[in-house]
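Participant: Residue strings, one per chain:
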Amino acid sequence: MSLFSDPRWSDALGHLPDYLGSHVRVSLAALALGLIISLPLAVIARYRPVLRGALLGIASIVQTVPGLALLALFYPLLLALAALSLQYLGVGFSAFGFLPAVLALALYSMLPVLRNTITGLNGVDPALIEAAQGVGMTPRQSLTMVELPLALPVIMAGIRTSAVWVIGTATLSTPIGQTSLGNYIFAGLQTQNWVLVIFGCVAAAVLALAVDQLLALIETGIRLRSRSRTAIGVLGIAVLVIVTLAPSFARSGTRIVVGAKTFTEQYVLAALMSQRLQAAGLPATTRQGLGSSVIYDALTSGDIDVYVDYSGTLWANQFHRSEILPREQLLTELKTTLAKANITLFGELGFANAYALVMPRAKAQALGIRTAADLAALSGTMTIAGDYEFFSRPEWAGLKTAYGLSFRTQRTMQPDFMYAAVASGEVDVIAGYTSDGLIAKYDLVVLDDPKHAIPPYDAIMLLAPKRAGDEKLRSALQPLLGRIDLTLMREANLRAAGNDATSSPESVARWMWKKIGK
Amino acid sequence: MTSALPLIAFKHVSKSFDGGRIHAVDDVSLEVAEGEFLAIVGSSGSGKTTLMRLANRLIAPDAGHIAIAGEDVAQVDPITLRRRIGYVFQSGGLFPHMSIKDNIGITPRLLGTPAKEIAARVDELLDLVRLDRKQHRDRFPHELSGGERQRVGVARALAAKPRIVLMDEPFGALDPLTRDALGDDYRALHRKLKLTTIMITHDMTEAILLADRIAVMRSGKLVAEGTPAQLSESNDPYVGELLGTPRRQAERLQILLPKDGATPQGGAT
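Protein sequences appear in the order of chains C and Y.
First residue of the first sequence? That's -11 in my numbering, and the numbers climb one at a time after it.
First residue of the second sequence? That's 9 in my numbering, and the numbers climb one at a time after it.
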């Protein structure tokens, strides 16, 4: 099969209008906001060295904050603001997606614009500023008629740098719920679909280059006083905005949004749910790659309508409960707790995806290890790997105290790589997921947890408050409840972890439905 | 050339910079009559530029008063004042991003003159400073020669029909031929339009050839003033020193050039 006849390309292309449109919207909005703030600040600060130093200092510090962290910080900040606004002003707003992304990116865009505007204005020949005074200009007229036009080439260069940064960084707004070209990259990374990763990177790069070139056209148009160049550049940007705005006008507001967290199983289940909804004639779309805590808040506020979570995750992380209850009891308690937030626990899918200590079967047998308790004596000489959140989760604390575990080294890894790492002996034990297909693939074994230090992690489907009584949605998703057992989910995950044409979440979801529908 | 009321009068004007450490202008009193062409001569740092800037309030004096047509400039809005006074800058001071017509028409535009009137005025001024309307109107400053740029600078200063024109070493950066032609042309305009002109220069020869009266400045003080003939009577050693160069040049030229030959007239710009 040649590279371009691969159906994943057409899959990726199908998402392009949505992803690219959202990406352009969020980037341009952030850039515009950044300009509206930075330009006047730069004008005010240019003759005030203290203010100038402070502004450039702050902007530089913002630059050093990693893009992903900056975006992630804006989410809780806005969430708190939204709560305050709802309480005192009676108006709430969504702290999810567009708003935090725009604010964080706008902040990110400020440094080059500030710096270049100040440099550009200070670089204007003092003799010309005096000439402006001499012919009778007011300070404002001198600024708008002489200083800004003369500084414009330098200012435009700053705007270009900003635009490229913002477009690149906007790919990181996916985890806070803003659809962007980052959706390709995050989805591709999670499902080891390199076609998607490359597609996302290339699309973002092409977009950045295109915008940069259009701005360059405006810049040289201004410098060479060529009206036609400037006009083509401005027209180009305008066309880009209009083209990317079009799909958002066409989108209906009644669309059902299926949420997915940042790992393969979630992508497959979201695809499965959205296929079921579409089969029932309901317009459905997916919002993928959402962070674990973002997704629950997004459901509460109605930004997404349905998603699959795990009982233990909600119990420990969302509701901060530390007691370990038997499976049935935990589900009942959880249902009551969720009902208080007007969230419907629609039902269990039929499998659990718990954290579990996993190691190669052969090695476990050779060392006589069957349960987590057997590890205690050996853990001092062993290395353990877990995903980005595991070592800060209560389960890990629980495991350590319950079995007296103390590993020589802890390593954090991208989930899909840690199975290979444990199979190759690079690490000795991993905190894997029980439903992961790679356990079978690499002939690994899940160690028992006789003391039940890890709570049950039943996969459960949650509905947003506004969808609680939606019978059409309920009946479309009902056939999935209780029909997905651990074997099916593991095989689905294994298929999705492949790197060929049949491994896209959509194809795997279709395969699952064939199995379930039998 | 003295009339009853001087058009411009400096009375005991002082200005210092750097917290009083540099006395740029030190207790200067000077009067300029209506229609007069005054040259202020001095080396760099003598305070001549500062004195002129005080006249249109580009800077404010520490002490003393400046009156224009009897009115204290401190009482006049500086923006209005500057729009009423033409100013020719050292190297033209043309705005590089504006066409020649926009540069010339800037002060009328600031005064809210209708575009049509400005366009007509620009053409009139291009004729006046002897530049070709069609050829120069839409060009940009960097496309012009130094002499042409300075002609535009003069046109711009005259755009709002001022009575007073201030010139800061206007011909200093030009080659001698261009400089001579431009000087003569300006002198003719000064007469034709009945202007009152203050010109700053460090070149005594230029001052003698163009001005009615010359004021000599040194270290912020006015050391002498008068017509060229009056100055040549002066006993001040500095004035004598300044007059030495033109005298020597004249003698050399007398010897080197045939007696009855016409002095070369440069028509080039």
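Calculated directly from the structure, the hints in this document are not laboratory data.
Mixed in with the good hints, there may be bad ones.
[To be verified] Chain C stretches covered by chain Y per the calculated footprint, using a threshold of three residues with CB under 8 Å from any CB of chain Y: (1) 108 to 118; (2) 198 to 204.
[Unchecked claim] If you want the footprint, here are the derived chain Y segments under chain C, 3+ residues with CB under 8 Å: (3) 22 to 35; (4) 111 to 119; (5) 226 to 239.
[As the list claims (entries may be wrong)] Per label pair, the in silico range of CB-to-CB distance: (6) C:128 - Y:237: 26 to 36 Å; (7) Y:68 - C:31: 19 to 29 Å; (8) C:281 - Y:148: 41 to 51 Å; (9) Y:260 - C:216: 56 to 66 Å; (10) Y:79 - C:128: 19 to 29 Å; (11) Y:143 - C:219: 46 to 56 Å; (12) C:53 - Y:169: 29 to 39 Å; (13) Y:79 - C:46: 30 to 40 Å; (14) C:219 - Y:220: 33 to 43 Å; (15) C:231 - Y:84: 49 to 59 Å; (16) Y:169 - C:77: 43 to 53 Å; (17) C:39 - Y:210: 54 to 64 Å.
Source: prediction; values computed, not measured.
Just so you know, even glycine gets a beta-carbon here, dropped at the ideal spot from N, CA and C.
Participant: Which earlier hints can't be squared with this structure?
Facilitator: 2, 3, 5, 6, 8, 11, 12, 13, 14, 16, 17
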